[in-house]
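Colleague: Line by line, the protein sequences are chains A and B. Mapping of the first sequence onto numbering that gives the first Met the number 0: position 345 corresponds to residue 344, and the numbering continues sequentially without gaps. Mapping of the second sequence onto numbering that gives the first Met the number 0: position 157 corresponds to residue 156, and the numbering continues sequentially without gaps.
Note that these hints are calculated values from the structure, not bench results. The reader is advised that the hints may include incorrect statements.
A few chain B residues that face chain A, going by a derived Cβ cut-off under 7 Å, partial list only [unchecked claim]:
1. H472
2. V599
3. G600
4. N604
5. A623
Label-pair ranges, simulated between beta-carbon atoms [what the hints assert, rightly or not]:
6. B:Q526 <-> A:L259: 26 to 36 Å
7. A:L259 <-> B:E24: 39 to 49 Å
8. B:G43 <-> A:T298: 50 to 60 Å
9. B:E691 <-> A:D134: 29 to 39 Å
10. A:E367 <-> B:Y766: 23 to 33 Å
11. A:D134 <-> B:A303: 47 to 57 Å
12. A:G322 <-> B:S190: 32 to 42 Å
13. A:R362 <-> B:A552: 26 to 36 Å
14. B:R248 <-> A:T298: 24 to 34 Å
Note that beta-carbon positions come from the ideal geometry of N, C-alpha and C, so glycine has one too.
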Amino acid sequence: MSGPNTDYDPVEVTPLHAEEVERTRDEALTAFTEAADLAALQEAKTVHLGDKSPIVLANREIGALPPQARKEAGQRIGAARKAINEGFASRLAVLEAEHEERMLATERVDVTLPWHTPQLGARHPLSLISEQVADVFTALGWDVAEGPEVEAEWLNFDALNFQPDHPARQMQDTFFVEPAGSGKVLRTHTSPVQARSMLSRKPPIYVICPGRVFRTDELDATHTPVFYQVEGLVVDEGITLAHLKGTLDHFVVSMFGEGLEARLRPNFFPFTEPSAEVDLKCFVCRGASVGNPDRPCRTCGSEGWIEWGGCGVVNPRVLQANGIDTDRYSGFAFGMGLERTLMFRNGVEDMRDMVEGDVRFSRQFGMEI
Amino acid sequence: MRVPLSWLREYVDLPADVTGRQVAEQLIRAGLEVETVEESDLTGPLVVGKVLTYENEPQKNGKTIRWCSLDIGKDEPQWVVCGAHNFEVGDLVVVVLPGAVLPGGFAISARKTYGHVSNGMICSSAELGLGDDGTHGIVVLEPGEATPGDDAIELLALRDDVLDIAVTPDRGYCLSIRGVAREAATAYGVSLRDPADLTLTGSGENGYPVRVDDAKACSVFVTRTVTGIDATALSPRWMQKRLLAAGMRPISIGVDVANYVMLELGQPIHTYDKARLSGEIVVRRANAGEKLMTLDDQTRELDAEDLLITDDSGPIGVAGVMGGASTEISDATTDVVIEAAHFDPIVIARASRRHKLSSEASRRFEREVDPNLPRYAAQRVADLLAEYAGGTILPDETVVDTHPKPAPVTIRADHAARVAGAVITLDETVRHLASVGCTIEAAAADAVAAPLAAGAHAPVLAEVGVTTVGSTHVEGDDLLTVTPPSWRPDLRDPNDFAEEVIRLFGFDNVPSVLPAAPGGQGLTVSQRRRRRVATALVGAGLTEVVSYPFTGAADFDAMGLPADDVRRTTIKLVNPISDEEPSMQTTLLATLLRTAERNVGRGANDLAIFQTGLVFLPKAETKAAPLPSVAHRPSDAEVQSLYDALPDQPLHVGVVLTGALAPTGWWGKGRPAGWADAVQIARLIASVVGVEPIVKNVELAPWHPGRCAEFSVGGPDGMVVGHAGELHPKVCQAFGLPARSSAVELDLDALIAAGPESIAAQPFSSYPVAKEDVALIVPAEVAAADVQAALTEGAGELLESVRLFDVYTGEQIGEGKKSLAFALRFRAPDRTLKENEVADARQAAVQVTVDRFGAVQRVG
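I would like the entire structure built from these sequences, with the hints used as guidance.
Modeller: Here it is, written out as structure tokens:
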């Protein structure tokens, strides 16, 4: 920096005149305001704030002033520079915002377009419903029990009080495993899992057994040789038919909704005595269609009740064959067909849809039933 | 069992206006399975007419019609055309008038025919739904049977509801009108007029000679003889009508009467032409080589276990199943020997199965018939033959009866209430037992042996009160000695009696109480992991399907399994649905590929499906499963041998991918599903259950020999758990799948078992990561997984991860070689790694690949 030039007449240093500084400032602000885009603003910045801009040049002149004048000129120039810088910054912010807005607008896409990653697949509804049943009963503290599909004849029949020559044993349309007399069958119901549970556990026993079973029926709209059942078994002290009814009522409500109930009709099964068929109060019409031709119900055929399964108090002969002390314990059991349940619950009209493995059948359900 | 309502009404005073449907509802509540109620579609007017005049009018077609005037109780005669000629002036006939509908939905109107307007028609038996009465003409009523103008529907009981009941095995007595009537009487609280309540006219001696050699198999054998019948006599119209309604065809008076009595009482009857019998009737087991031509004209080879009816000529019937042709009654028969017997249910069931012959008789005997019935049933047959076939009943009667009397059963007086968990008073209990026909005696509580356990769930019943049986005052813990009626051989155990009481008490009246189970543990580890696998596969875009587990040689051939492939050794069924598919699947793909084929055939080209299911793997040594006693629990050894006799049945998961995984679209070209996707899905399944499998190339059908990955768990010498990869081109072709379809099959049970019990959390470092890439040239046949394993092994503890990111083959590196590029990440738990530490670790990693595979680092 050079020393003070005492001969220098500040009045003669034009750029530092107040009106000149104001003019320089106003020119800069006008140029910024008039800059239409960021490039123009950058150009204006070079002109009005660059190294050779009037305000920067004027600043350099301050040193040439006599000391007594420097302060005033410095303040004047400083204020002008501040104003110019602020003008630039505010214009820059506006232009940048405009620029971003324009750019985002150009990047707009059609969000309804499909994409190439795989869509969600689907569970088979039989799996979903059997998991739902399992969840209802595990919530009650029951276990989910399982067993093999090729089963010992003894476990499938004898242990359940199906005597060898009893008509009930013939009614089951059994697949037998070679050679004849092998003592092995494809299980005709999930009941052998009950026998296995009694043989392997000590009471209290609370189990639910979903599974695939087999009968020699031809496939048609309402029959299939391979189908799914779910059975429940309780063996405990003081178990009664009332407990069976309570369990079935709970099951009905869990699967079909509040306010519904089960109804028992006497029937015959070898492994239970007394035995009954389970009907479910129609969850669609709730009985309103009965005797009311104006409001027919397809789900229950205007019967008000839907046949659902079988149940009963475990025959003490069954307990005995499986080593349960009948003086101390009693039990109940129940069972339902899951295909049938899906048919009336979800309006599946043809059994074949459920067993043929057409993906379209599963896909309409996805992960829910 | 088909039960016409009118027949039921004969024995039970049902309310007059009650319909078949209403009766059915009551019977269903009582435990009978009424499957359908047939309601007659017949509507009137259908009236009795008296023939006033008729003119015979020959027609051009050769027929002669009659133009008749009839008195139908109106001022003016009714004029109709009639084609039949079996009536005379003054006869009473049945006339259907315009506006009526005859059975089968035939609507009647006045119509022009043969030059006249016929205002209705005169009806034949068949037109009224009564079957062919053999007259080939119209129905002519007995003189004085009715008055012209009477409602013929009522007169002939033409409109009748028929209940069809599926009789459960424990209710054999309901295979009779008598049995159903008993239930209906109880249901409506009215008394039963027992049709078996007959006057026996037999002397009990001097009947047709009979010897029973097997008293256990045949405990009762009764014969009566009726002489001098006209076997050509027509069965009465009411009997024919009832037989038809019950589903049996009227044949001849002899056959019809036997069938009628069987339907009425439930006792199967056999009738013999006495003239064709020779010598004593002997009931015995068959001898080897004996044959019999049965009534259906089939010659049957007899089994030594068959129970036979024989005479001097040899076998004349398979007892309780079907009679022989040689002693059958015919139109020429005059003297009839009636057989009414009681056979052991098991003997009959076995014979019926053995000869594949289920008759009306065998169905009843299998379910056990009332052993007290034979004398009454034989009497009823004789009475009907005497009345309708003009015979004479001989007082001579054979009665062989060694049947034991029903055994009394002792039950706690409150047993039914305890089983039900309901307040059933002792009064009700005794009343219900009596109404099913039991006789009841009471004993004091002193005799109660075993005190009943207090029970976790106190029975709902509190007080059951007291009642009086005979002169005995009964309380809840007193004992009842109950003797079942002869027609209820199924009532043996205390619970059998409880069921009778509870069903009559009403299942609806039993309260509903949810039992409290002890705390459970939720799903097992395996059950939880299976669900997660399914969920993950669905997330990856796969759809779950089900298919039957049946398979056969055609599937194995299509899969290209070699002749000695272990998967061809299967569990076979004695009676498969299809002879082409006699086996249980040993691989899920056998059936899943068929399912894929069906879907592709239905137009689904881009398919990603999965299934879980058991496969059935025979054991090296096949043993029969034992059939231990059911009197007590089998021993542990017996239980074990039951389990051991069964094949291994692990749960597998199978996947088939065909076509494109990603379709071509606006984003660019699509991506076909390939071997790598299949392998990746198998890896996904393994990682869902927490298993890191070892993967290597193998050759195995049905996969492409160069594109099959074997998955194993448990280290280098671990267990193979399945395969994944591209299917062999021939397999794709055989199953009609697009080229380069791929598949996975894994043993899910084994994978899950290999999963961790629990996962211990590891701390992770917050120091910076050091990244190093390395490219290695190795022989082409070296597996990338092995090179990666070698790098991992050599890099030591500082290695955080290693990932293959490039594979290159080409001129630059020479034939038979490939370049594999890996990204390595190093990090220490406690410090920032120094450059030389990283370099050393990298070099150590590379060195192992050099030593093991002769790898050369690729530079630049």
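Colleague: Evaluate each hint against the coordinates.
Modeller: Here is what the structure says about each hint:
Hint on B:H472 is violated. Least Cβ distance to chain A is approximately 26 Å, over the 7 Å limit. For B:V599, the interface hint is violated, the least distance from its beta-carbon to any beta-carbon of chain A being 10 Å, above 7 Å. Because the smallest distance between the Cβ of B:G600 and any Cβ of chain A comes to about 10 Å, over 7 Å, the interface hint for this residue is violated. Taking 7 Å as the C-beta cut-off, the interface hint given for B:N604 is violated, the closest approach to chain A being about 12 Å.
The closest approach between the C-beta of B:A623 and any C-beta of chain A is roughly 5 Å, which is under the 7 Å cut-off, so the hint is satisfied. B:Q526 and A:L259 have their C-beta atoms about 28 Å apart, which keeps the hinted 26 to 36 Å range intact. Taking 39 to 49 Å as the suggested C-beta distance range, the pair A:L259 and B:E24 does not conform, at roughly 21 Å. For B:G43 and A:T298, the hinted distance range of 50 to 60 Å is not satisfied, since their beta carbons lie about 37 Å from each other.
The hint said 29 to 39 Å for the Cβ distance between B:E691 and A:D134, and at roughly 31 Å that hint holds. Remark: the range hint 23 to 33 Å for A:E367 to B:Y766 is contradicted by a beta-carbon distance near 46 Å. For A:D134 paired with B:A303, a C-beta distance near 56 Å keeps the hint of 47 to 57 Å intact. Take A:G322 and B:S190: their Cβ atoms lie about 46 Å apart, and the range 32 to 42 Å is violated.
The beta-carbon spacing between A:R362 and B:A552, approximately 33 Å, falls within the hinted interval of 26 to 36 Å. At about 39 Å, the beta-carbon gap between B:R248 and A:T298 misses the expected band of 24 to 34 Å.
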